[in-house]
Amino acid sequence: MKNQNTNIYKRPKNVSGILDLITTVDHKKIGVMYLYTGFTFFLVGGLEALLIRIHLMQAESTFLSAAEYNSLFTVHGFTMVFLFFMAVNSGFGNYIIPLMIGARDVAFPRMNALGYWIYFFGAIFIHSTLFVGTTAPPIGGHSSQGSSLFSIFSNALAGGWFLYQPNAGTQFSPGTATDIGVLGVIFLGVASLISAINLTVTTLNLRTKGLKLMKLPVYVWMTQVTSFLLIFSLPFITIALFTVLFDRQLGGNFYIASMGGDPILWQHLFWLFGHPEVYILILPVFGIMSEIIPVFSRKPVFGYATLVFAGFAIGFIGFGVWAHHMFSSSIPPLAQAGFGAATMIIAIPTGIKIFNWIATMWFGKRNLNVSMLFSISFIINFVIGGVSGVTHAVVPSVWQQTDTYYIIGHFHYILVGGGVFAIFAGIYYWFPLVFGKFLNEKIGKIHFWLIFLGVHVTFLPQHWLGLQGMVRRTWWYDKGMNIEYWNFVSSIGAIIILLSLIVFIFNWIFSVRKGEEVIFDPWDGRTLEWSVPLPPPEYNFYNLPKVSQRDDFWYKKYKIDENNRSVPRTNIKEIKNKYMNSASLDESHIVLPSRSYYPFTVGLSLPFLGWAFIFRGGFSSMILLLTGVLILISSIVGWSLEPEYE
Amino acid sequence: MKEIIHPIPKDQTKYYVNIAILLAGITFFEVYLYYTPKWNIPILLIFLSLIKFSIVVGYFMHLKYENKLIKLFYFIGFLLSIPWLIILFFERGLL
Amino acid sequence: MNSLTHVHNGEDVGVPNQKLAMWLFLSSEVVFFAVLISIYLFYKSAFHSLQITPSDIFDIPFTSVSSFILLMSSLTMVLSQNHYEREDISKTRIWIYTTGFLGLLFISGQIYEYTIFINEGLTISSSIFGTAFYFVTGFHGLHVFIGIMLLFVTGMQIHIEDTNSKFGLSLDSLALYWHCVDIVWIVIFTIIYLIP
Chain H
3 MKNQNTNIYK RPKNVSGILD LITTVDHKKI GVMYLYTGFT FFLVGGLEAL
53 LIRIHLMQAE STFLSAAEYN SLFTVHGFTM VFLFFMAVNS GFGNYIIPLM
103 IGARDVAFPR MNALGYWIYF FGAIFIHSTL FVGTTAPPIG GHSSQGSSLF
153 SIFSNALAGG WFLYQPNAGT QFSPGTATDI GVLGVIFLGV ASLISAINLT
203 VTTLNLRTKG LKLMKLPVYV WMTQVTSFLL IFSLPFITIA LFTVLFDRQL
253 GGNFYIASMG GDPILWQHLF WLFGHPEVYI LILPVFGIMS EIIPVFSRKP
303 VFGYATLVFA GFAIGFIGFG VWAHHMFSSS IPPLAQAGFG AATMIIAIPT
353 GIKIFNWIAT MWFGKRNLNV SMLFSISFII NFVIGGVSGV THAVVPSVWQ
403 QTDTYYIIGH FHYILVGGGV FAIFAGIYYW FPLVFGKFLN EKIGKIHFWL
453 IFLGVHVTFL PQHWLGLQGM VRRTWWYDKG MNIEYWNFVS SIGAIIILLS
503 LIVFIFNWIF SVRKGEEVIF DPWDGRTLEW SVPLPPPEYN FYNLPKVSQR
553 DDFWYKKYKI DENNRSVPRT NIKEIKNKYM NSASLDESHI VLPSRSYYPF
603 TVGLSLPFLG WAFIFRGGFS SMILLLTGVL ILISSIVGWS LEPEYE
Chain Y
31 MKEIIHPIPK DQTKYYVNIA ILLAGITFFE VYLYYTPKWN IPILLIFLSL
81 IKFSIVVGYF MHLKYENKLI KLFYFIGFLL SIPWLIILFF ERGLL
Chain G
67 MNSLTHVHNG EDVGVPNQKL AMWLFLSSEV VFFAVLISIY LFYKSAFHSL
117 QITPSDIFDI PFTSVSSFIL LMSSLTMVLS QNHYEREDIS KTRIWIYTTG
167 FLGLLFISGQ IYEYTIFINE GLTISSSIFG TAFYFVTGFH GLHVFIGIML
217 LFVTGMQIHI EDTNSKFGLS LDSLALYWHC VDIVWIVIFT IIYLIP
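Protein chains in written order, with the working numbering: chain H, 3 to 648; chain Y, 31 to 125; chain G, 67 to 262.
The hints are simulated quantities; they were obtained by calculation from the structure and are not laboratory data.
Treat the hints with care, since some could be wrong.
[To be verified] Computed from the model, here is a short list of chain G residues facing chain Y with C-beta under 7 Å:
(1) V79
(2) S104
(3) S140
(4) L145
(5) V253
(6) I261
All C-beta atoms, glycine included, are put in the ideal place defined by N, C-alpha and C.
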């Protein structure tokens, strides 16, 4: 624009390769980067889980040392919740939402990139604990005598992903590993807050003409509820983590009972974030289901308004059920009754959604491809997990089940059988959108049946183990306790899941290279993201679409006859050609946000600042601090003097 | 978004200074209450600080003239903290 | 031109993007500070039995003056905004720097207060009161510090970009942030300092 000279540093233009990824502000590229990074951490977390299962395959196992085992289940939780699940949800949201609402990009493209890079460097920071962190082996119990193959993991934090106090305080978890983990999660929280605000503003302000709020696709609504949950629940975890840092690093007394501290406070703070977090993970997944099931049933989604309001109800009640994670930690009886009741009530909106999806499939022209198979088994798994979830509303029953494998079985049915299945459904559904190619259906079916089998074989026996009294997070169980058999079966299931993932990765590589190509609207879609040529051009829509009703793209292709059936319009070919041919037209009227280095450099400065804080004192920490501060300040100056659009 | 041509707003220095004087007066009154043992009542002090709070939010931050949606977002935050405080106090046996 | 709203021709909620984002952030900040203060209140019932109690150590006249300074910085901020709307750039700049200066004054007052408290034996690790007190006021101070940095960055932007309206909305957002920091102090001052 006019003031070229206001840029202090040179602005990146026409770059390629790795610089392209570093400087991009395109929501689609950032979305794909989120997905790849998130999936990488899925594999990391999965391998950690596999090591745990191999260790538990037989009684009195010494495959892992106790220290390694503690670190592995902690890091497994951190990785799966914060680094895999939230990243993949952000990835889908970033990629799909601007396309669904007919926008060219998100509201703040550079902030979007910033969110990704903070997430990325936060993840690196957390994993730096493997190399620079220190922790002590667990006090008491069996001495470590296992192999040193995975000993790198004994440098990682070991207090459980919930970091209960005072167990994760300096007395029981000395060393720097916990501090690195805590600070890393604070970084990730900042990243989530940025992307939540960004997506909210995008959804509210950048909708295309005619797309009123109640005409939005359900997926957009569900990510919207998620964004609100993030905005209002992240402060709790941020403060909670800072209290821990205060105690551990600056000598605070928040959780030191002898100084008047109260560890229960930590549990309240953590679970007031932790429970909405469960819905933060699962609500976007509900949205994905509400997109896929109508398309492959060739019916509009059943009860649109109830789906949306059930989402809001879940989000709202989700803030009032946190103490059901704490029934065994001496909260007053009246509170127990209240939270138990709220926990039962929250099953109602969830049930509404389940019945909506079933009613959508009812009498639909179902197309049982891989995506739909994953969706249907999502419903099955989610109902199983949900029913065992409702049992947690019954306080005396929870006293029996708490801290057993029953809980593990329950939430893995929700998060793996539900969440991961829905994510796979979404990947099979939107893969043609991203790459312009189909994922192979035949290999996909092998993948589906393997993972379906694997999940049930792994997690169903864990319910029984839990009811028999097997404690969770246990490194050791004696022979002859009658739990070896189901532990063995469960571990076999984990290996089946591993096999299915290998099949999936093979399918991915195979399809990216040699997949069947598609240039437009592969599934006969209903929402706006299918009205662009595949893969979408950088500016998404040549002409921003005008919308007059829900599922507008469908009704451009089909009309409703007197029997209430969809009939293709006579000129359907012309309509499709009109959308497709826009790719070769003149693009000069389209204004896109310009590339920038600063989101990357701001993210880059954070690990330096974190290390400087944790390893403070000494020359090297001064250098780290100086590096971090220099990068941060120069990026802020550059950022503030660089216009978003040029 | 429609292009709206704003007339140049008038100088509101006096208006804002008056509001600030009011705020300073309430602050002074609060400190006065602190030194008067008879009137040093928590509820009264909290009420006064809430008045100050609403004046700053309403006039300095222009929330009074703002979109309904923004008011909603802002007050959800408050709504959330009320049950939170109740539960916390319950926990300490203060209620 | 500078933001998507200029090319945007569809549905919106009638609030500019940047302002909406700032308000969403502030909604998050409200929860943040509510939780912060609630932690202080949570531990407050135990303070009276400590060696150093709040009423022993607080210097109310001093803190009242620094509260007053922060309150006045809100006034200068809103004046700067008003002058900006009237396109009086030089006065805008003066009021922005005044605001930053008042903020610095507040921060130095807080640092002075901290040194006195530490000399009297109230540190983060000395008691639960010290932990909670430094935690709450420290986080507020951090927010003031970030605000001051943003004020000076914005002042710098105005230096470079004299008449272009490019930074108009970021001044509005900055003002919102600054007022938010101020209202948090209003509550902290009452709840931590004044209530016995």
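Structure-based check of all given hints:
1. V79: holds, 6 Å
2. S104: holds, 5 Å
3. S140: Holds - the Cβ of S140/G comes within 7 Å of chain Y, reaching about 6 Å at its closest.
4. L145: Holds - the Cβ of L145/G comes within 7 Å of chain Y, reaching about 6 Å at its closest.
5. V253: holds, 6 Å
6. I261: Constraint on I261/G satisfied, holds at 5 Å.
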